[in-house]
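Chemist: These are the residues of each chain, in order.
Number of protein chains: 2
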Amino acid sequence: MTDTPGSAQLTLIPLGGLGEIGRNMMALSCGGDIVVIDTGLMFPEQEMLGVDLVIPDIAWLQERVANIRGIVLTHGHEDHIGALPYVLPRLPVPVYGTALTLGFLRNKLREHGLIETTELHTVRPGDSRSFGCFDVEWVHATHSIPAACALVVRTPVGVIVHSGDFKIDSTPVQGEPPDLARLARIGDEGVLLLLSDSTNAEQEGTTPSERTVGEGLAPIFAAAQGRILMATFASNISRLQQAINAAQACGRRCFIVGRSMLKNIKVAEELGYLHVPPGMFVNPKEHERLPDDELAILCTGAQGEPLSALVRIAAGEHRMVSLREADTVIISANPIPGNEESVHRTINNLYRRGARVFNSSRHGVHASGHASREELKLLLTLTRPRYFIPVHGEYRHLALHAALARSVGIPAERVLAIDNGTVIAIDEHGVRVTGERVRTGYVYVDGLSIEEAGDVVFRDRQQLAQDGVILVVLTVERSSGAVVAGPDLVSRGFVADDADALFDEAREHVLSLVSRLTPDAGYNAWQGAIHEGLSRFLYKKTKRRPLILPLVTEV
Amino acid sequence: MTDTPGSAQLTLIPLGGLGEIGRNMMALSCGGDIVVIDTGLMFPEQEMLGVDLVIPDIAWLQERVANIRGIVLTHGHEDHIGALPYVLPRLPVPVYGTALTLGFLRNKLREHGLIETTELHTVRPGDSRSFGCFDVEWVHATHSIPAACALVVRTPVGVIVHSGDFKIDSTPVQGEPPDLARLARIGDEGVLLLLSDSTNAEQEGTTPSERTVGEGLAPIFAAAQGRILMATFASNISRLQQAINAAQACGRRCFIVGRSMLKNIKVAEELGYLHVPPGMFVNPKEHERLPDDELAILCTGAQGEPLSALVRIAAGEHRMVSLREADTVIISANPIPGNEESVHRTINNLYRRGARVFNSSRHGVHASGHASREELKLLLTLTRPRYFIPVHGEYRHLALHAALARSVGIPAERVLAIDNGTVIAIDEHGVRVTGERVRTGYVYVDGLSIEEAGDVVFRDRQQLAQDGVILVVLTVERSSGAVVAGPDLVSRGFVADDADALFDEAREHVLSLVSRLTPDAGYNAWQGAIHEGLSRFLYKKTKRRPLILPLVTEV
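Protein chains in written order, with the working numbering: chain A, 1 to 555; chain B, 1 to 555.
Hint data in this document are derived by calculation from the structure and do not stem from the laboratory.
One thing to keep in mind: the hints can contain errors.
Note: identical chains are not told apart, hence a pair may lie in one copy or across any two.
[What the hints assert, rightly or not] Within a straight-line C-alpha distance of at most 25 Å, the following computed SDA-like cross-link-like pairs (lysine to any residue) qualify: (1) Lys377 <-> Arg516; (2) Lys285 <-> Glu137; (3) Lys543 <-> Gln463; (4) Lys108 <-> Pro94.
Generate the whole structure from the sequences, applying the supplied hints.
Modeler: Have a look at this one:
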């Protein structure tokens, strides 16, 4: 990596969010200055067994921590700010974002005991801040959270525009439409490189305005006989505002269930992003006394998260809310890929309790926060960048967004569909892939620790999950090599027809395996022989491969 | 259960497929006669760790095996015939189905060594067969497999219509449109009970004809420059026919990859359900020599199944087929819920290899085989049943289908949205839920054995998958209770920051735990103390709960 101070050579390194959904993070380096854009987390995929969260690998940044001038945030979603509590202790640098973004972040930092030690700087859309050789300007955007911004980064070699997460919502519920005029002006001045959100690059046309959700909610609220229960993302303040408005319009008061929703509502209200009429919210006691047709319950769990409010309510296991026959349930979200099974199970449970269910797939109660193909084309044609790198998405999204950029006239050789860790050099000659790579492996947050749980751990967990574990306990006399106790077999998570007979046979087999060893074969040979021989024996008998753990004690 | 021979009292028991997708199976009993409709399997859900397949519980049928007059099949999909190889050894009864259905079944029975011992009877649409007090008539239907039928069951108390899996395809690729005229005539004669497919009860409108897929494929085939690779279900013979037709139209020959597809094509061709021009199929050698623009590869793996052809090709790991830059890939299927992640990963890999990808979500290259809401209403109004039971679907599908039936005028009290195992009595007074239940738990096929893997096994596997396993090995002197060797800790699948120090501390903790026990406490007390104490210790330190297996050896 060459970061010669003073040279007009930039390095751009995507550390997360390219070729995957979530944990968005990118580093820009020039001379002795580094600025980091977003620091998100990602939820584990199916085969990352036992993992709570996944964050970016920051080894490259840790080696250069003295050069980092700041972390700049586009908006307050988990996949953009969620890794900060894990990263800030290792990278104690100032963080910049809008008031709501920092409001959500403060809640997290407080929980992790980092609020005192973190330097936070509030910016407004239109503001610029200098970070050594970089100037960063926040430009008002629209997304499924208020106070989201695109970034315009002025560098010694040209202007870089980073879209953040966005859609082009001309009728947002909260605040102004996106500041396309500003982006157009910047386009006029000349954009060297555009980085743009690819999440919805598969979606034709344009994404519906957030306001359409309010239009979808109103008749459902108006027609409901019993109670109304609506689940949505705790950070979608505009969605919550529309639910509150719909409740007010039909004379209902709101009961909020779910810790993250309560906290976000408090922050958003304090900062003026949410307007709640006096007396609109009821406490648990009041909620019990309200007639059914005067109550709307707003709750978490729209993704079917195991311990969330909606999931507990649907299962009849919530300590405050139990569903009744005539209740109406609205799930104002689409299942994120991987969550379909749990969302569907929740909906099945709701129907079993006799509720009427409105969910995104069949009713207009959700709108995405990400730009569809026509909006992506609009941003490309407004900014007219010389170079384009699609960001935020799995590889198919990046590939489709790249093809879209070529279709609006950006020459193919200036469109770079790249992966995390690809080092990009930017200088007066243009933007190019250097061929160098930075390590960007998954870093797992699992229980209390942050760890690079290696492939071996997942392979073991996978095997344990599939076929369980069998221990073989054996005591041998060191001098003679004779088996003096055991072998005993203990299993967990392993099933077989007639397991008793199988284990009797397996014990015999272990004895015959070790009888072939010489007394001085040693511990490893004993272990190896039992491991391999018993694995083979059990696979032949059962077509299963439990994890075999031989424990040989020498006396 | 009262099955008094001669009385006009019927019992209907759904043994699978209600409140779940797959393993469709239903029993009808009258006097001394039982007839079984379909015997399907289901693929395991995410939390059924280590399970290959799930089949219905047939205990109720096993107790009455002498009374079973036959198993009647609606069509040849896995979720309707797939459990037969596991069930037939326990229920050796005759099986009835159309030629193609039995053709697919024969392949399975051959693999399981059951072909000699199974009595198979071929029927044609329009045929009737008697099963004691039941007469069953097969009525031609359209679905995503040829030779699919609805069933009309004449009983002493009235006519029962079972839709099978169906959509109303007026322009099928293979054979005639569904025999709606026959169903209408039966409706005129009076239907006591309709059982109808609920799979697509969430889908508005009508399902597109299979023929539309051919219209979608033709321009993609015509425009392709390099090779064409198309993945679809191995049993969707009409889809394969259309791919073959599209290949022929642009001068390409077909190379078939995937064992199940080869076998199904052979059966379908022999039985006249698939028409392949001479010389159309090439063998592996010929395929290598063909120019790219004269080749179409038809393969399995449209669901992203781990070892399937498409997944291996996308990962660059297939021994015969490797993708090139200009190749076109068509995935002619929708991901079944739960398979999204692996399908998406496959698509990402295909884009990485530079292929152009057409998949169902964005292109007209797939059509469902199940009736949407307008078609469901049509079947209800054609048959005008006195009673209605929605079948085939998770509970939300059944609930929505039930609401649809009420909306077309079936009185609410005659619409029964029920679960597996609900015993239904049918007599001159009508159809009613008896309140009795038959056991219908999951029966798991796992490796070579069929087993009711209990909740404990899954709980253990879940814990193993989440946090791994820790063994504590300890030798104590029986007389004194003194620890003479160990404690040693062995872990698999467990991660922690600074594991060495943690394990040192854990060993000390185990010693202090056992020091509190009296020498004569006994094996169970030692085990219990270590298990409980160490679990608590590790949870406090790591917020993880590995499975703890204490192994105390007494000397």
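Chemist: One pair to classify: Lys543 and Gln463, alpha carbons no more than 25 Å apart. Within, between, both, or neither?
Modeler: both (13 Å within a copy, 22 Å between copies)
Chemist: Could you place Lys108 and Pro94 in one of the four classes (within, between, both, neither) given a Cα distance threshold of 25 Å?
Modeler: The answer is within: 16 Å in one copy meets 25 Å, while 65 Å across copies does not.
Chemist: How do Lys285 and Glu137 come out at 25 Å by Cα distance, when the copy is not named: within, between, both, or neither?
Modeler: Intra 47 Å, inter 61 Å, cutoff 25 Å: neither.
Chemist: How do Lys377 and Arg516 come out at 25 Å by Cα distance, when the copy is not named: within, between, both, or neither?
Modeler: For Lys377 and Arg516, the Cα distance exceeds 25 Å both inside one copy (72 Å) and across copies (72 Å).
Going through the hint list in order, the structure does not satisfy hints 1, 2.
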